[in-house]
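Enquirer: Single-letter residue listing:
Protein chains: 2
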Amino acid sequence: MIKARQAIKIEEARDRLLQFDKPLDQIDIPVDDSIGFVVAEDQYAPVSIPSFRRSLYDGYAIRKEDDGPFPKEFTVVGNVPCGFVFPGELGEREAVRIMTGAKVPDSAGKIIMLEQTETTENPQKVRILDTHETDNINPIGSDFRKEDKILSKGEKINSGTISLFKAFGMETISVYRKPKAAVLSTGSELLSAGEALQDGKIYDSNKPLLEQLLREHGSEVTYSGQLADEKESIEKELTQLAEEVDLIVTTGGVSVGDFDFMADIVLDNTFLFNKIQMRPGSPTSAAMLGDTLLMALSGNPGACYIGFQLFIRSYISQLLKTTDTMIETKAVLEKDYLKQSSFDRILRGQYRFDANGQLYVTPVGSDQSSSLGNLHQTTCLINIPGHSNGHKRGDTVQIWLL
Amino acid sequence: MIKARQAIKIEEARDRLLQFDKPLDQIDIPVDDSIGFVVAEDQYAPVSIPSFRRSLYDGYAIRKEDDGPFPKEFTVVGNVPCGFVFPGELGEREAVRIMTGAKVPDSAGKIIMLEQTETTENPQKVRILDTHETDNINPIGSDFRKEDKILSKGEKINSGTISLFKAFGMETISVYRKPKAAVLSTGSELLSAGEALQDGKIYDSNKPLLEQLLREHGSEVTYSGQLADEKESIEKELTQLAEEVDLIVTTGGVSVGDFDFMADIVLDNTFLFNKIQMRPGSPTSAAMLGDTLLMALSGNPGACYIGFQLFIRSYISQLLKTTDTMIETKAVLEKDYLKQSSFDRILRGQYRFDANGQLYVTPVGSDQSSSLGNLHQTTCLINIPGHSNGHKRGDTVQIWLL
Numbered sequence: 001m002i003k004a005r006q007a008i009k010i011e012e013a014r015d016r017l018l019q020f021d022k023p024l025d026q027i028d029i030p031v032d033d034s035i036g037f038v039v040a041e042d043q044y045a046p047v048s049i050p051s052f053r054r055s056l057y058d059g060y061a062i063r064k065e066d067d068g069p070f071p072k073e074f075t076v077v078g079n080v081p082c083g084f085v086f087p088g089e090l091g092e093r094e095a096v097r098i099m100t101g102a103k104v105p106d107s108a109g110k111i112i113m114l115e116q117t118e119t120t121e122n123p124q125k126v127r128i129l130d131t132h133e134t135d136n137i138n139p140i141g142s143d144f145r146k147e148d149k150i151l152s153k154g155e156k157i158n159s160g161t162i163s164l165f166k167a168f169g170m171e172t173i174s175v176y177r178k179p180k181a182a183v184l185s186t187g188s189e190l191l192s193a194g195e196a197l198q199d200g201k202i203y204d205s206n207k208p209l210l211e212q213l214l215r216e217h218g219s220e221v222t223y224s225g226q227l228a229d230e231k232e233s234i235e236k237e238l239t240q241l242a243e244e245v246d247l248i249v250t251t252g253g254v255s256v257g258d259f260d261f262m263a264d265i266v267l268d269n270t271f272l273f274n275k276i277q278m279r280p281g282s283p284t285s286a287a288m289l290g291d292t293l294l295m296a297l298s299g300n301p302g303a304c305y306i307g308f309q310l311f312i313r314s315y316i317s318q319l320l321k322t323t324d325t326m327i328e329t330k331a332v333l334e335k336d337y338l339k340q341s342s343f344d345r346i347l348r349g350q351y352r353f354d355a356n357g358q359l360y361v362t363p364v365g366s367d368q369s370s371s372l373g374n375l376h377q378t379t380c381l382i383n384i385p386g387h388s389n390g391h392k393r394g395d396t397v398q399i400w401l402l
Numbered sequence: 001m002i003k004a005r006q007a008i009k010i011e012e013a014r015d016r017l018l019q020f021d022k023p024l025d026q027i028d029i030p031v032d033d034s035i036g037f038v039v040a041e042d043q044y045a046p047v048s049i050p051s052f053r054r055s056l057y058d059g060y061a062i063r064k065e066d067d068g069p070f071p072k073e074f075t076v077v078g079n080v081p082c083g084f085v086f087p088g089e090l091g092e093r094e095a096v097r098i099m100t101g102a103k104v105p106d107s108a109g110k111i112i113m114l115e116q117t118e119t120t121e122n123p124q125k126v127r128i129l130d131t132h133e134t135d136n137i138n139p140i141g142s143d144f145r146k147e148d149k150i151l152s153k154g155e156k157i158n159s160g161t162i163s164l165f166k167a168f169g170m171e172t173i174s175v176y177r178k179p180k181a182a183v184l185s186t187g188s189e190l191l192s193a194g195e196a197l198q199d200g201k202i203y204d205s206n207k208p209l210l211e212q213l214l215r216e217h218g219s220e221v222t223y224s225g226q227l228a229d230e231k232e233s234i235e236k237e238l239t240q241l242a243e244e245v246d247l248i249v250t251t252g253g254v255s256v257g258d259f260d261f262m263a264d265i266v267l268d269n270t271f272l273f274n275k276i277q278m279r280p281g282s283p284t285s286a287a288m289l290g291d292t293l294l295m296a297l298s299g300n301p302g303a304c305y306i307g308f309q310l311f312i313r314s315y316i317s318q319l320l321k322t323t324d325t326m327i328e329t330k331a332v333l334e335k336d337y338l339k340q341s342s343f344d345r346i347l348r349g350q351y352r353f354d355a356n357g358q359l360y361v362t363p364v365g366s367d368q369s370s371s372l373g374n375l376h377q378t379t380c381l382i383n384i385p386g387h388s389n390g391h392k393r394g395d396t397v398q399i400w401l402l
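Protein chains in written order, with UniProt numbering: chain A, 1 to 402; chain B, 1 to 402.
Derived from the structure by calculation, the hints contain no laboratory data.
Any given hint could turn out to be false.
As the list claims (entries may be wrong) - To give an idea of the interface, some chain B residues facing chain A are shown, with a C-beta separation under 10 Å as derived from the structure:
{"hint": "1", "residue": "166"}
{"hint": "2", "residue": "193"}
{"hint": "3", "residue": "232"}
{"hint": "4", "residue": "233"}
{"hint": "5", "residue": "234"}
Unchecked claim - Below, computed lysine to aspartate or glutamate pairings styled on EDC-like, alpha-carbon distance capped at 16 Å:
{"hint": "6", "chain 1": "B", "residue 1": "330", "chain 2": "A", "residue 2": "354"}
{"hint": "7", "chain 1": "A", "residue 1": "275", "chain 2": "A", "residue 2": "15"}
{"hint": "8", "chain 1": "A", "residue 1": "330", "chain 2": "B", "residue 2": "354"}
Note that the Cβ used here is the ideal one computed from N, Cα and C, for glycine as well.
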């Protein structure tokens, strides 16, 4: 059945999606397992770092009052390796041998670099030859004072964040649980890897693609399957899944064919859109099933990939209250693309910088919706606006860095 | 003990490292578990894609000979959903209803879009109103012909690569095993997360940082520990580890202090360097222990992080015969940095693009070697060359995008 669809702009489709939100539970997880999660609460320093006055150099600690004029001899009364503490108090012209990173004795006010000293005939004595004006001591809290805000909620945890948590001795961290996603392909033509190829059938490459993309971008895939070729069964399955997951992604069945049930299903629920002014992927459709987003992507690999990048990534980031890492900017096109279309044309592309840091892009592989040979080479998407005559080499184009 | 060290340039240090290589075994792993691995053999298409002539539209398949002039009525003799095959042969003015993606009957030469047809009073008949010049058929092998090269060895597997493998029905893939790394911290001042903080001691944040960075960049961490504070024990442990891993990364003990045994150990083995003309991290040292790289990084978090990014990433990529994802380019500095140094100053930074795709960078947080508060915010490294007067806002600087 052919129903008229109203094609909306990419931005409008995104806005409609992002009207919806859903609170995700906070969970405490071990810091060691927290890579890729999003911090759910502002974090404050539990202690100061450094928590003691820290020597910046290997050398000798002396009292402030004994700082110059040099040269001058000092009696060495102790030795403080890292992790140890000098138990006594420094007297006049007394020095303590100290290592970089070790705790400066409370009575000391200055660190003399080892390179500015020399040994003497008496092993108990050191001769200080010269010094800098700086005291060469990192004061308590010079990195972080106790109670300083060290991290805002919504930040995604990376290797640097792990080291920050560890520096404070933290063992667990409060994060948002990952949104749960179900991925479903449609179409009786689909075979799974390992099955023998049959005439007229194809291997399902979209479901595994979407599973990987979802995991990569902060979601967890809790269900993966294939939808029946019958509307009532599909509706029943989706309604049940909507109770269990935060996000349902389907691929295929959004066009005008006899078996394109997804097109009807979005109309039967809280309808968001069923046509976008873009190619590939114009029949990309979406609806809310309760508070679960149903995102019905095209079954064409190119359209499926682009639909994920332009819509699902933003929605996952919104659920996690974090910022997507996809960067929207402009770049210089390195190759003519003159095909005309009334809709925006989203090309898979690759970017590079010239010697001065100017961004350039080139389409990679085929622009066909059905083409799957260039997804692994794609590092950005290029937008050739609709109702234009395409773009020439040297023109500036809108792009998204993935 | 203070020994004169010869400081070499960053590029020279990198060249010395990359003289060494070590063949890694190839292993066959399931495609589903292959994200982040590197393909060990050129891959060729086991079948053509599509493997049959594929309809580009929902509509009707007709013989080439019956293509126009339209309008004209056809007898509908069959229906081919996706995944099915029309068993018969088309006769004159016979049409088969067909879906997008379905196999075009061998006897058909043209697909008419559904939108260009209308039903008639007779349900067995369809009226074709008009058509395009194109045949609307994807020929066999239009994406890939059987035996086409689909992937070169050395490519890192991403979500797009997974979909490519799956499209060919592949279940396993031959990859290089990941390089095995040992990570060791030195210093009796180090506590582990969860231990109570003691005066003069600090929590070890470098070991967890390096573990995460190594995993993120294609290595596996098979050993993680703390080195003794005694040279002979360290030598014994490193010698043994060198038999078991491909890469040993230590943090701390590279300076001139009494407990800086790593400085001696690199001299006792196949020496690469023990001083680099950069800050932070000038005492970064390296040696080969047989065919295992010993990379001795500074114990300062900033220096440790930079040392990993500038040296270890390249070495791992070389072992895996792949290209590092770190991009070296230039960008416009957004803030004065006027501190002078005889060595190159490597700043942790963040980048952004302006409206036209020009890259800008700003230092983030502290430039101090000991500072750990900005690693999680760092998206690039900025090089302020030695023997300069620093750089002013608006100057073009060399950067590495991480």
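Enquirer: Checking each numbered hint in turn, tell me which of them this model violates, lowest number first.
Expert: Numbers 3, 4 and 5 - these are the hints that the structure violates, sorted from lowest upward.
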